[in-house]
Amino acid sequence: MSEHEKKNPILNKRSSRRTFMKNSGLTVGGLVLGGAIGSLVIGKQENTTKAVDGKTHTVVDYSDTRQFFVRQKDFDALSAATEIIYPEDEHGPGAIALGAPYFIDKQLASPWGSNADDYRKGPFQKGDTPLNKSEILLQGVRKLNEVAEKEHDGTVFKDLTQEQQIAILTTFEAGKVEMELVSSAAFFGLLRTLTLQGCFSDPLYGGNKNMAGWKMKEFPGAQMSYTAYLDKDEFVSIEPISLGGHTKH
Amino acid sequence: MVTKLPKVDVVTTGMGWTGGIIAAELTKAGYKVVGLERGVERTIEDYLHGHDELKYNIHKELMQKLTKDTITFRNTLDEEAKPVRDENALVVGTGTGGGGAHWGGQTYRYFPYDFEIRSKTIEKYGESKIPEGVTIQDWGLTYDEIEPYYSKFEQMAGISGEVDPLAGPRSIDYPTPPLKKLTQMKMFHEAAEKLGYHPFVVPTANVSEAYTNPDGETLNACQYCAFCGNYGCEYGAKADPIVTVIPTAKKTGNFELRTNSLVTRVLYDGKKATGVLYKDTRTGEEFEQPADVVVLTSYIFNNVRLLLLSGIGKQYNPKTGEGVIGKNYTDHHTITGAIGYFEEKKFNSYIGTGSLGSAYNDFNADNFDHSNFDFIHGGQIEMHLMGNEPIANNLVPMGTPMWGKEFKKNSLHYFYRNLMVVSQRAILPHKNHYLDLDPTYKDDNGDPLIRVTFDYTEHDHKRNEFLVEKCAEVVKEMGADIIDTIPMSEHFGGRFTFQHDAGGVIMGDNPDNSAVNNYLQMWDVDNLFVCGASAFPHFGPTNPTPTVGALTYRASEGIIQFLKNGGGQLNTAK
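Read top to bottom, the protein sequences are chains A and B. One point on numbering: in the working numbering, the residue at position 160 of the first sequence is 160, and numbering is uninterrupted. One point on numbering: in the working numbering, the residue at position 365 of the second sequence is 614, and numbering is uninterrupted.
By construction, these hints were calculated from the structure, which means they are not laboratory data. From the three backbone atoms N, C-alpha and C, an ideal C-beta is built for every residue, glycine too. Please note that a few of the clues may not be correct.
Said to hold, decoys possible - Okay, the calculated beta carbon distance ranges per label pair:
hint: 1; chain 1: B; residue 1: V412; chain 2: A; residue 2: Y62; range: 54 to 64 Å
hint: 2; chain 1: B; residue 1: E718; chain 2: A; residue 2: D153; range: 50 to 60 Å
hint: 3; chain 1: B; residue 1: K691; chain 2: A; residue 2: K150; range: 41 to 51 Å
hint: 4; chain 1: A; residue 1: A109; chain 2: B; residue 2: Q818; range: 44 to 54 Å
hint: 5; chain 1: B; residue 1: I421; chain 2: A; residue 2: A185; range: 53 to 63 Å
Using the sequences and the accompanying hints, generate a full structural model.
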């Protein structure tokens, strides 16, 4: 960011907004659109592929749609925060391009998001939150916007500069932001964990789009056997495969 | 209303390794066994779609859900215990196979020193060497006495291994050859040998080649696919009760498996166990299963809990030292060591098995002179190649931020450029560490949960500091550019993440210091046997399963003898 941009809050906003759109990876008809808005207004991204019969088929991915987050503003804050935690850079895609925000949305909508496998009986002692994971995340992303708007003249979290976003997340991580029935450190820890899961879990969960997280890490995915490589002293790079790839081949 | 069922010879409470071994041995001898299992029945077909890190390694698909019950935990006697709420923080197997479905398969034996730890320590160093409050005791059997049963377990499970020159003597070699040495292991062996130590390839239940065991069950060759510990093996290449002892029991025609059956009480008439009370977990319907012999084959927490809920034995009291049930609880969950980062190397670390690796025992048990150290026992120095999974493995050198640009850069760069050498070490019991029933928290039936009281002692910290330095030493010798040591936290934090707990129904040579004899038969109740690591008077340095398996084979012999004798104690108290 240039000195000029740093001094000009409008340029700042525009710049980060564009970065966000670019990172969201959705382009339709030459226009760059924010992921969810684009979906609502124009429809889902279409990919055309040629099948073995030589005919062209249109495949539409309808899965990048929110199940849990009902307010766009909440999801935008979540997305921007995941991108700060795992940003796009010269090594490869960041959390947004990898689909981590939608992964998180699906996880929170699943039984896991309401702690279905955890012990939930009281009494809840000090330091023991009675909130479930979806409640923690929702309160947390709203708090991100609240803090952003308070500290930066009404600007929401996603429109802040990276430096400003990092500064806010750092205070959350340190447990310095007041939250209800949970510490901001616990919220941040959950957010970080979910972000990494969204970048590197099997694509079947909606993150790690096209196995791009695995490709960036050179992780071979759901392979069935490595016996051919046991005696290799040099690194062997193997094309990844997903569980979906097992059943479709 | 409780439905009373026809009496059987033997009933077990859980169908993991201990329930499976009891079922196999007793049914082969012609006795009728009913195996009660709270979970579902599994086959290896259930594991075909299983190469999913999020589902199995992170969300613990194979483990007991904590919805209905859990344990509570505190560090000291005057604290209020909190329940372990997070599914991720309490790993206990459920379903057929139990812990034997999700284990990694490391299969070391304990040392002759372990079984006679008190006598041997006093003999060599004098009684003052035993730290204050440390309640170690001899196990009531020697290494030589348990050795045939270790062999029996290894032959059944097809263990692949290389002989550890510093371990106790063996009557028979491992049934299958060791797993292959990867580059990292060759480096480890070379470095350890240069330092004058005695490395060996880790013995494992990830079987190196197709093998048919003495019961006629076949295990297949391991594919090194790395979806192993926390996963079930779709190849049937990891010894698991569902591919070994459970089919063996079924073949006899004398075994009946009942799943979705949660045992809630041992029925006890003041002299003997008359059977068990269990509940269909789907309908809530209750059944009484009478039996000549009741064998508790749950994980240690439920073994102890069933005794306490059923009013059997006397609860240990840390203030007076009276009572034995719940005594000598030990937790083995914190493993520490050193991480090496290598700029010029890039390893194929996606390859692995639950227990592929190398180790040495030069600083374990009493294999080194402790005269100049203010601790006893020790630990194994070991390196495991379990396969780096992309969610769980984002190691970065110390000082790197844990998120953002720098984190991403370093975690990608070092993903295949790191090695971890760790030490699993013995955990000795302390008079203040024990299990009892929680005064506040309950399960879905309204029964109190087990409460764990445990922390590290100063003595644990001393042993640990010594071993961490030894881990760093070999990482350095291997040529690491950056070495980070992983210190032990000051207090145990209550994460029970790989099913390594012991004690609570401990063995010994008389009823004053133990709950069971060396056949795992209760001193107080002749027809009640309690199998599992609940019998360990201390946690040996390494993984518990082979010792659990060996003791359970011995218990099965005892039960057969008991049934032949028509009752009675198998041991006389010393």
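Here's how the hints hold up against the structure:
Against the hinted window of 54 to 64 Å, the Cβ-Cβ separation of B/V412 and A/Y62 comes to about 59 Å, which satisfies the hint. The hinted window of 50 to 60 Å between B/E718 and A/D153 holds, with their beta carbons roughly 54 Å apart. Between B/K691 and A/K150 the beta carbons are some 43 Å apart, a value that agrees with the proposed interval 41 to 51 Å. A hinted range of 44 to 54 Å for the beta carbons of A/A109 and B/Q818 is inconsistent with their spacing of about 58 Å.
Between B/I421 and A/A185 the CB atoms are about 54 Å apart, so this pair conforms to the stated range of 53 to 63 Å.
Going through the hint list in order, the structure does not satisfy hint 4, though it satisfies all others.
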